[in-house]
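This is what each chain is made of:
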Amino acid sequence: MGSNLIDALFVFMLAAFIGFEVIRHVSPLLHTPLMSLTNALDAIAVVGAIVLVGEKKSTFATVLGVIAIVAATSNVVGGFLITDRMLRMFKTSRPTKP
Amino acid sequence: MTEFAGSQYLIEIIYLIASALFILSLKWMSSPATARHGILAGEIGMVLAIAGTLLHHGIVDYKWIIIALVLGSGIGVPLGMVQMTAVPQRTALSHAFGALCVTLVGTAEFYLRTPNVPKFMMSVLSMEVILGGLTFTGSLMAAGKLQEILPQRPITYKGQNLVNLLLFLVAVGSSVYLVLHPEAKIFFPIIVGVSLIFGILLVIPIGGADMPTVISLLNSYAGLSAAAMGFVLNSKLLIIAGALDGSSGLILSIIMSKAMNRSFTNVLFGAFGQVQASAAAGQEAKPVRSATPEEAAAILSAANKVVIVPGYGMAVAQAQHKVRELYDMLTKKGVDVRFAIHPVAGRMPGHMNVLLAEADIPYDRLIEMEEINGDFPQTDVALIIGANDVTNPAARTDQSSPIFGMPILDVDKAHTVMVIKRGMSPGFAGIDNPLYYLDRTLMLFGDAKQFVGGIVRELGGGH
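Chains as they are written, first to last, in our numbering: chain L, 75 to 172; chain H, 172 to 634.
By construction, these hints were calculated from the structure, which means they are not laboratory data. Be aware that one or more of the hints could be misleading.
[Unchecked claim] Taking lysine-lysine and the DSBU-like style, the derived pairs with C-alpha atoms no more than 35 angstroms apart in a straight line are: (1) H:476 to H:356; (2) H:504 to H:429; (3) L:131 to H:234; (4) L:165 to H:429; (5) H:429 to H:620; (6) H:476 to H:620; (7) H:429 to H:457; (8) H:290 to L:131; (9) H:356 to H:234; (10) H:234 to L:165; (11) H:198 to H:504; (12) L:165 to H:356; (13) L:130 to H:290; (14) H:584 to L:165; (15) L:165 to H:504; (16) H:476 to H:457; (17) H:620 to H:503; (18) H:457 to L:165; (19) H:457 to H:356; (20) H:476 to L:131; (21) H:356 to L:130; (22) H:476 to H:504; (23) L:165 to H:290; (24) L:130 to H:234; (25) H:620 to H:584.
Work out the full structure, taking the sequences as your base and the hints as a guide.
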């Protein structure tokens, strides 16, 4: 258990640094789609809710888990959808200009 | 503990691939050219992760999982199809949903494990529900304000910060007690309840102009709560996704507060609301020059270089498509038209870029503040559409101004400044803008959409 915890802290630290480095380079142009994308990715929390519902350990847990899956899935679907719609709108001007 | 059952290896490998795809997804977001690959990578990662989870050996019943997945997708589609002007409130709402998921799972985990919750587990579990709870209600409040269901102005009362601080201390104190005495179950609902109330009270005093910072901060909290959930469930995938989201939100918050020259504490503990009352009081009627659409059209078509400064007013009036027509018309006449984007223009990071892109304005015409500020002295016309505080020269010159020190767009250095505005009422922040009284400034009074439409008609008729 103890070594698991330390492993997890290492993973967190490394991921946070990667996040900082990767996101620092995102153009301000794309800050809105960035936020909706990270939102969709964050909804990966749905995996925790899926296990919770599937294990059926108590009715209480199952009910909370079902609501959690609904909330997270709507973020996954809605988040990817709107990010894609936004990015499709970004066009550069035609290369030849009079 | 790390004795994996057969399928568990497969699941962990799938999670590993999904984590890599998530990182790639964000990496590809750095430029518009690769951004759509980023979405694809994210989607594949997500589908893999969900499919992998369904293989979990502990799952005995799929019925409710499937029902919930279908229901969630059904809600997600309309949320993904909202109008571009509604993106800030949609984003706030999805922060709330993400936080709701985390809080509910955390609550369920607590009641499944109690009273045998190890100290570290209990600490991260408390962190998970505190961050999740306050993000849930805080984001709902933010969405309500953005959707104008709730008043956008800051709601303040005496002793507000003291109340907030006390609530926060109660939540943290209860958590500490619960860590030390895991059998004291009653403290768990207290932690959740207090966090929910704390979220409401935290966002109530925040005004619309501060929304970009607040949304970013809530984004960061949502990520951190998911990472905490990862610690509870010992899921590295969740820790990674949460850490990525948390750092993304944090970076955006830092950029936003820098663009307003304010600290986090200043934004969160709402000093802005009080200063304005005095600033608005000292106003007297000063003469301004105004112009008609015909006059504005004549000045614009005589110009060589025009910079358009969009703000929240353009979004409210839905004027972005008319602005595109103006852009097309002027470009056809050989006028060089560019757009100056202040980092906090609008209600969320990058809000203006999305609206202008929606109207088909090429993104290489959208210029950031640092890049375009040097060009204003050579600009013939700066046309301001629904932006106010981000153009206020008092931020440079007037030490007594509440926004002194905030980086602004130096529109007052252009040869002619035109401001489309509904009336002379001070802007959202309630601060008078000396820009409007300059000799080189023309006020164009009216609704942004109608006024720009009027200019476009004049330019079209002038052939």
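Which of the numbered hints are not met once you compare them with the structure shown?
-> 1, 2, 10, 11, 12, 18, 19, 20, 23
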